[in-house]
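Undergrad: The sequence shown stops at residue 71 when you use our numbering, and every number in between is there.
Keep in mind that the hints were calculated from the coordinates and are not lab data.
Just to be clear, a hint being listed does not mean it is correct.
[What the hints assert, rightly or not] Pairwise CB distance ranges (calculated): (1) MET1 - ALA35: 47 to 57 Å; (2) ALA6 - LYS55: 28 to 38 Å; (3) PRO11 - PRO57: 36 to 46 Å; (4) VAL61 - ALA12: 30 to 40 Å.
[Said to hold, decoys possible] Listed next, the in silico DMTMM-like pairs over lysine to aspartate or glutamate satisfying Cα-Cα at most 20 Å (straight line): (5) LYS55 - GLU33; (6) LYS10 - GLU30; (7) LYS10 - GLU22.
If you're wondering where the values come from, they're calculated on a predicted model, not measured in any experiment.
Even for Gly, the Cβ is constructed at its ideal location relative to N, Cα and C.
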Amino acid sequence: MRVNGAVAAKPASRVALDDRVEIDLPPPPERREIAAQEMPLAILYEDDYLLALDKPPGIVVHPSPAITRER
C-alpha cells in the first residue's frame, strides 16, 4: 500500500483528507470448470422448498482442491 506515492509504514497507517491511497490487488484466481458426476443418491423427500437425500458415506458434497481434477 502506498500513501501519496510512498510505501505506508503499516497497513493500519492513518490517512488524512485528500491523501492518495494506492493498493496493488492480486490477479483473480484462474477459473476452472467443474463438471457434475452421476451419483447414487436416494431422494427421501422433495417439495417446492425442501429436498432430503440419503447420501452414502464417502461421497464429496462440494469441490475441494484435494479432489478437483483439472479439466
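Undergrad: Please go over all the hints and tell whether each is borne out by the structure.
TA: Against the structure, the hints come out as follows:
A beta carbon spacing of about 40 Å between MET1 and ALA35 contradicts the range 47 to 57 Å that was offered as a hint. At roughly 55 Å, the beta carbons of ALA6 and LYS55 sit outside the given window of 28 to 38 Å. Separation of PRO11 from PRO57 is about 44 Å and conforms to the stated range, judged on CB atoms against 36 to 46 Å. Checked against the hint of 30 to 40 Å, the pair VAL61 and ALA12 passes, with Cβ atoms roughly 39 Å apart.
Proximity of LYS55 to GLU33 is assessed by CA-CA distance (about 24 Å); at most 20 Å being required, the pair is judged violated. Restraint check for LYS10 and GLU30: not satisfied, since their Cα atoms lie roughly 30 Å apart, outside the 20 Å limit. Between LYS10 and GLU22 the alpha-carbon distance is near 13 Å, which keeps this suggested pair within the 20 Å criterion.
When held up to the earlier numbered hints, the structure conflicts with 1, 2, 5 and 6 and fits the remainder.
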